[in-house]
Amino acid sequence: MNHTAFVELLNLACGALLVTAVLILWRRQLAAIIRWFTVQGLALTAIAAIIAVDGHDARLGAIAAGVFALRVIALPLLLRRALARAEADGGGRALRETSPLVNVTASLLAAAVLTLLAYAVSRPVVQLTPASPAAHAIPIGLAVALIGFFALVTRRRAMSQLASFLLMDNGITAVGLLTTAGTSLIMELGISLDVLFAAAVLQVLTSRVRDTFGHADLDELRELRD
Amino acid sequence: MSPATPALAAAHSASRFWPGIGAHWGLTWPALAGAGTLALITALFSLAVPRRWRAVVSGAGTALTGLAGAAAGVAAVTGHRSPTLSVPGVLPLSGVTLAVDPLGGWFIAVTGAVAVAVGSYAIGYQGRAASRPSAAVLPLFVASLLAVPAAASAVTLLACWELMALTSLLLVLAEHKRRPEVAVAARWYAIMTHLGLVCVLAGLMLFAAHARGDSFAALARAAPHLSPAVKSTVFVLVLVGFGSKAGLVPLHAWLPRAHPEAPSHVSALMSAAMVNLGLYGLIRVGSGLLGGGSAWWWLLLIALGAVSAVYGILQAAMSTDVKRLLGCSTTENMGLACVGIGAGGLFATTGHPVLAGLALAAALLHVATHAAFKTLLFLAAGSVLHAAGTRDLDALGGLRRGMPATTLAFGWGALAASALPPGTAFVSEWLLVQALIHGLHGASTATAITLPLAVSAVALTAGLAVATFVKAFGTGFLAKPRSAGAAAAHESPGSMLAGMGLAGAACAILALVPGAVLPAIGRAVAAAEVAAASGAGGVVTLRLDGLAGEVSPLLLTVALLIVMVAAAAWLRALPARSARRKARLWDCGGGPLTARMEYTATSFAEPLQRVFDDVLAPETDLDVTHHDEARYLVASAEYRGRVPDRIERRLYEPVLRAVGAWGDAARRLAPGSVHRYLGYGFYAVAGLLIVLAVTR
Amino acid sequence: MNALGVTGGVLQAVIVTGGAPVLTGVMRQVRARLEGRAGQGIRQPWRDLRKLLRKEAITPEGTSELFRLAPLVLLATTFTAAVTVPFVTTASAAGPVADLFAVVALLAMGTATLALAALDTGTAFGGMGASREMTILALVEPTLLVSVFALSVRAGSTNLAAIVAATVHDPVRVISPASLLAAVALGVVTIAETGRIPVDNPATHLELTMVHEAMILEYAGPDLALIELASSMRLVVFLGMLSSLFLPWGIATALTPLALAGGVAAFAAKVTLLGAALAAGEVFMAKIRLFRVPELLAGSFLLALLAVASSYFLTGPNL
Amino acid sequence: MMRAIGRIAEPPPTQTRSAPGAPPAPLGGSVQIRHVDAGSCNGCEVEIGAAFGPVYDAERYGARLVASPRHADALIVTGVVTRNMAEPLRRTYAAVPAPKRVVAVGDCARNCGVFAGAYGVAGAAGDIVPVDAEVPGCPPRPEAIVAAVRELTGR
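Those protein sequences? They're chains P, V, W and L, same order as listed. What the first sequence shows, in my numbering, is residues 79 to 304, in sequence order. What the second sequence shows, in my numbering, is residues 9 to 704, in sequence order. What the third sequence shows, in my numbering, is residues 1203 to 1521, in sequence order. What the fourth sequence shows, in my numbering, is residues 3 to 157, in sequence order.
In short, the hints are calculated from the structure, not lab data. C-beta atoms are modelled at their ideal positions from N, C-alpha and C, and glycine is treated no differently. Each hint should be verified, as a subset may be incorrect.
Said to hold, decoys possible - Far from chain V, by Cβ distances over 10 Å, these chain W residues were calculated:
| hint | residue |
| --- | --- |
| 1 | Glu1237 |
| 2 | Gly1324 |
| 3 | Gly1397 |
| 4 | Phe1448 |
| 5 | Ala1471 |
| 6 | Pro1496 |
What the hints assert, rightly or not - Listed below are the simulated DMTMM-like cross-link pairs for lysine to aspartate or glutamate, each with C-alpha atoms no more than 20 Å apart in a straight line:
| hint | chain 1 | residue 1 | chain 2 | residue 2 |
| --- | --- | --- | --- | --- |
| 7 | V | Lys590 | W | Glu1409 |
| 8 | V | Lys590 | W | Glu1237 |
| 9 | V | Lys590 | L | Glu89 |
| 10 | V | Lys590 | W | Glu1267 |
| 11 | W | Lys1489 | W | Glu1409 |
| 12 | W | Lys1489 | W | Glu1237 |
Given only the sequences and the hints, what does the whole structure look like? Please build it.
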């Protein structure tokens, strides 16, 4: 495909990545969060695929397939199942992030600041390869990672914390894809595996928490301190 | 040495500093001298004449002083060059050095114009109650305001600055006999303004210490050789000093106190003319004398300006005291102007002269527009206070029946203040936003991050300003009167209406044909050594030079009027149209609606208060008293809610408390026993000896 | 301002004035059908206006001239905006007179005047409506200006004609993240400014949930007709702005009858589609609480800011 | 979901217009209605709700219930007019801009129905404001209300 189309498509995919991150931060319904997380996985796949097609890079194509399998199929599936189980015994209140530590309006404004911060700190990295359009999109990956971190800090429910952790990881993956343009397959696989691992761990943790307290509201964990 | 030499030297150097000065005598000096003389004569006469004539003499004299000042300013900005005046020996160090360049001329012209309106208003406002001191000080205050931008050396500037501070303080104190809170406000004002003076003094002296002589010419010559550290120190010091005068957050604490308590014509002078001089100082020292400097100065200024704008208008939106509201909105407008100045300096340092000129021109135009509408609004508020006896919006309302002219004036002022076409502030804020938006092209990282935030701050400010002034006008002047005073309000005497009329006319001119003043602003910008010219021009249609962007407030207004007239005519021409009928308000069929059922200013602002809960931190408390026989029955419930100035709570009160604690500690050291004092002396001597012994 | 612009302006004046009530009718019809009702037919708003114009106007006691002037001001501002924005042709009828900021400010001017009129009546509902409308207006402003900022970055100007022309010449730009994000943000703004669900419910009968409706409870007859006409025109202006800024296809670039006809047809089709989509969305949504609205607006502001950011993220700072 | 249910509204019955009650010329096909409950048992309210609901869908004939009498062309009065509601009813009528119509819905509004002569009753709707049309029944069927509305709109 010709260059301008490549740039536009890449930018579009990156924009989708960012918007889905914002929406995940915005929504309270865990079901909606999972849905947008799936869409974000698609955007991530698209980024990998576009770079692969542009660079005629088979390994990147493989990575794209892997990302698709993991982010669009496996993880959402896990999340949905966990959500279903939470609904089964947690009742309606398990379905919503009822009261995040920072209210939604404030966290949206915080996300705006984080994005600009990501832009500021990633200028040097971008300047390394000013020619490549992929490099210009690095700030977006970083912004997604930061937003995910922010959500991880401010969310109460274990489920939505899991989701925000995965969001952060999507951001990291995007940065990896955009910087190295896929040359380090190992790093990719490493990230993906450790995500899967972390997801499994949190999965176990949440189920344990639920078995103990009947629902997974992490504030209840304070009781465990003493 | 002979007094002539330094004068010649100063003039000579100045002619190098401002090329062309000294070419020939212009109108400026005669007019300024006339203003000074008039002020003195007026002061003396208003001390002499009987009470009956005092207000007339002082008011008319002030107006004439202002007129002369305005003439001087106009002469200066229209390019009649005037030489530097130097009178040695009047003050220590360098004597008095005066020079008027277009930048100073612009501020002098604005001040003079404000003084004309205020003077004619003061005739009726002071009336029989005019006390001798306040009547005498008013023209002197105007004269000092005119003198500050004419100062051409550090010492002269500081002297005029102090004169201005003292005269304004006296005027603020005018009504302290009637109301005790005046004294509190005056104390705040005195402390803040003198802390500011100290900062300016420190900054300029540090600057002068590195230069040969303290005249601006010498300072400007020395600036390039200064080390960045010194330059930055000087800038930060003068920023604090002048910023406190301009009422920038967090140094704004005096402003919402002094403005409501001062007599309204003084509030108008302070809010429309005096605070501008803080901006003048920033431009003069920051851009003119220090010659730009590093980018972070201006980013800091933009940040301060944006914060001041948003915080000021939020406080204004919350306050129900109409004069306090206007004072907070002064903070807001100074903030907007500072965003413009900061953007100008930023673009100048990053090498975009056209944008720099545009931004600074927007700031200077905003100074003028703000002066016009703030004068109008304060004068109108003064008439309301005069007629209804209260400043509380919750107790006003329905004034349009009693005082139609004042209502019209305040309405026009409110439209001018809320940047909506055909309002006055619309043009200057349009220019400002244009400058910010075009600045994104080829911007550095910091700039690229600052500009969008600045634009959103300006936008939020504009939106909140609309809500604020709809509240002020709608609840204060429309609807039903909420108190007996408001119901009995009567129109003000002619001289006050004349003052408002002048200010309103100025608003109209600036709103419809802003292009008329842009050439003058261009010269002022050039004199500030920021850019060659203001980046905009055109009389009917406002065009940006070298950038795409144009708007025509005049044609816009004409189009609106045409459509309105056409629509009205169409309605009249309708074949099947039935006559208009008066009917009672729809009260849902129940009893008549009383004034207590109306929305008050507080209730109008309540949604905004909820939205900005985290920023404003409002305080509410609810006392419920129960019946003593059954504590389940509520006898009465009392609800109190107020929105305190949060920055004040967080910043000033701890400081004041600490100072108080130190004072108490000091008092405990001095119980008045002679023995203890002797003991202090002994311990001091002994300690000294020990130190000497050790260090030997 | 050139011949093309003037022709477009005249055409727009006619189309927007005549078509706005029809659009309202279409939207009501869509809603009715989706709710399983038969609907009033798309000409109903015009019947309402005709009837209102024949009825007598009422001046409530204790109101001033402002109450009578407000509908005229509202109509004038909306009409001027409708003529200024390039809907039909790429050239604006009043290019040098008003740019995007002026249009935004004009629409705000109309709203503010209506709020003043509502306060003028001195009724509790009037004050309530005015207070809520002003709150929403103040919070919408940042989103609006920042998304305008985002759109003007590439065109290098806030002049509407310039932005539209730039988009026409470079269609790929439409799918750039900057323009998409700005589109979403402006969409939210449109909903908030025209008082649609979920911000305000135009069909509510309960005063306590009203925003726009509460301000006009005292108006009757021709005054009410002007207000109704103006608010439907306002909706068309916002939808038209969306369509011209983000889907400027079929807009006339030359002064030929064919091109103009195409421009008119495209404009009508785009606005109708957008309106129908908006109405269809409303059926499946509930009005959110007034104090959840800031959340929505903060989200749209974030999107607008991201639009600005991505416009220099992705293409590098020096465009 | 919509596809599942489809169109709920019943097909419009053929209009049976009584010859003299020609539709008022000024309100051509558009009538905004303000409903006044002057002291009803809410039976008529239920039926009015049904008439404007999806099934009978009176709105398809150009009628709409509005929030303020200023916006209204016609009043629908239900129930006997109690002493407390007599003055509000008069004021509501006065608040409606001319030309205006009044429809008394239900027997109570027509002739006080079972409440005739009760001590709290000020009279039927017709005793307080001029009534142009009446809808008999206790409560009247929605079809009857819709027919009366169509008399007003003329559609």
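Evaluated hints:
For W/Glu1237, the requirement that its beta carbon stay farther than 10 Å from each beta carbon of chain V is met, with the minimum near 29 Å. The non-interface label for W/Gly1324 is inconsistent with chain V: the shortest C-beta to C-beta separation is roughly 4 Å, within 10 Å. Distance check on W/Gly1397: its Cβ is at least 15 Å (rounded) from any Cβ of chain V, clearing the 10 Å threshold; non-interface status holds. Once the 10 Å rule is applied to beta carbons, W/Phe1448 is consistent with being away from chain V; the minimum gap is 19 Å.
With a cut of 10 Å on Cβ distances, W/Ala1471 stays outside the contact zone with chain V, its closest approach being about 27 Å. Separation of W/Pro1496 from chain V is inadequate, the least Cβ-Cβ distance of about 5 Å not exceeding the 10 Å criterion. Between V/Lys590 and W/Glu1409 the alpha-carbon distance is near 24 Å, which puts this suggested pair outside the 20 Å criterion. For the given pair, V/Lys590 sits about 40 Å from W/Glu1237 by alpha-carbon distance, which is inconsistent with the 20 Å threshold.
For the proposed pair V/Lys590 and L/Glu89, the alpha carbon gap of about 19 Å is at most 20 Å, so the pair holds. Of the supplied pair hints, the one linking V/Lys590 and W/Glu1267 holds, its CA atoms being roughly 13 Å apart against a limit of 20 Å. For the hint linking W/Lys1489 to W/Glu1409, the alpha-carbon distance of about 14 Å falls within 20 Å, and the restraint holds. The suggested pairing of W/Lys1489 with W/Glu1237 holds, with an alpha-carbon distance near 17 Å, which does not exceed 20 Å.
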